Amino acid sequence: MESSSHLFLSGRPEGDDDHHADTDDGDNDAADDDHHADTDDGDNDAADKRGAEAAESYDDVKYLVRRNRAASRKRLVSRIKHIHNEIHKPVADVVRDHALCLLPARSIFRLSAVSPSWARHVSSPIFAHTQSRSHRSIAGVFFGSSVGASSAPPPTASSSATPSSGDFFVCNPATAWVAVPRPPHNPGPEPAAVLIFVPGVYNFRSDYTIVIGFRISGARSGIFGFQTFSSSAGGWWISNEVCAAECLLPDSGIAGGGVAYWRTTMLTVVGYDPAEDSVRVTHWPMNYAEESRWEIGQMGDGGRLFCTAVTEEVVQVHKLLPKSDQWALVASMDLKQRSNTKSEEEAWR
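Letter by letter, the sequence shown follows residues 242 to 590 of this note's numbering.
Derived from the structure by calculation, the hints contain no laboratory data.
All of these numbers come straight from a predicted model, not from anything done at the bench.
Heads up, the beta-carbon is just placed ideally off N, CA and C, and yes, glycines get one too.
Worth double-checking, as some hints may not be accurate.
[Unchecked claim] Each pair of labels, with its calculated beta carbon distance range:
hint : residue 1 : residue 2 : range
1    : V302      : V439      : 50 to 58 Å
2    : A340      : W478      : 39 to 47 Å
3    : G475      : K315      : 27 to 35 Å
4    : R545      : D492      : 53 to 61 Å
5    : V302      : A360      : 35 to 43 Å
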C-alpha cells in the first residue's frame with residue numbers, strides 16, 4: 242500500500258489554498274501601499290516644515306543684514322557730521338576745547354573772563370580733572386600768610402597756613418578754595434607741610450592729602466612725628482611712626498609718588514608715606530662737603546625723587562631708586578675741568 246505525500250481534508254476543495262494565498266498577497270500589497278502612502282505624507286510634512294523654517298530663518302537673516310547696514314550708515318553719517326563740525330569749528334572754540342587745559346592755573350583764571358562760555362567751561366569738574374592730569378609743572382606751594390580765617394587766600398597758592406592760628410587753606414586757583422580743619426598739633430609759624438595730590442583717571446573728586454611734620458617733646462627735640470589730613474576721610478590722624486632728624490627744612494617739602502619728602506640739616510632726606518604709614522630716612526648721594534648746596538624735586542608721571550647737589554668741584558643729579566635707600570647717578574658736570582677749559586680758550590684768544 243503506497244503512502245500518500247499529500248494530506249487532503251475532507252469537504253475542502255484542493256484549489257482553495259491557492260485562492261487564500263492570492264487573497265493574502267493582495268491584502269499585504271494593499272497594506273504596503275497604505276504604509277508607503279502614510280510615509281510619503283509624513284516626509285512631505287517634514288519637508289514642508291523644514292522649508293517654512295528655512296524661509297523664516299532667511300527672512301530673519303535679511304532683516305538683520307538690513308538693520309546692521311542701516312546702523313552702519315547712521316554711524317557713518319554721524320561721524321561725517323562730527324568731522325565737518327570739527328573742521329568748521331571757530332578757532333576760539335578749538336582753543337577752549339583743546340588748548341585751555343594745557344595752560345597753568347594762573348593763565349586759566351585770567352582767560353575765564355574771555356566769554357561766558359569759557360567761564361562755564363573752566364568751572365566744570367571735567368575740565369578741572371583734565372587740567373590736573375595734563376599740566377603738572379607745579380605740584381604745590383606752601384607759604385605763611387597774615388590773612389584771617391574769614392578771608393580767602395591769594396589765588397596763586399595751592400595751600401597756605403596762617404602762622405598765628407594754625408589754619409590751613411587748600412585752593413585751586415581756577416575754581417575754588419576750602420578751609421582745612423586745624424591739625425591736632427600746632428606746627429608753629431613755619432610748618433613743614435606737604436600737599437600730596439595724585440591726578441588719576443578716576444579721581445574726579447580731586448582728593449588730596451596734607452602731611453605735616455612736627456617736633457615731639459619740645460622745640461629742642463630732634464624727634465619728629467607726622468600728622469595727616471585726608472580730604473576723602475575729612476579729618477586728621479597722627480602716625481605711629483617717628484624719625485630722628487635735627488630739623489626738617491619747611492621750604493624743602495615736596496610730594497613724589499604719593500610720598501612726602503623733606504631735606505634735613507643733617508644732609509638726609511626724610512620720606513613719609515601716608516598710605517603705608519611708613520618713614521624712610523635716606524642720606525644724600527654725595528660725601529660731606531662744607532660748602533655744598535643741594536635740592537630735591539620730583540619728575541615724571543611716577544613722581545620719582547631726584548636730588549641735585551652742587552659743590553665747588555662738581556654738579557651731580559641723582560635719582561632715588563624705587564623701594565630703596567640707594568641713589569643712581571643721572572648726570573654729572575666737572576666744574577674744575579670746565580673752568581680750566583674756559584681759561585685755556587680765553588688764553589688762546
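Worksheet item: If you check each hint against the structure, which ones fail?
Response: 3, 4 and 5
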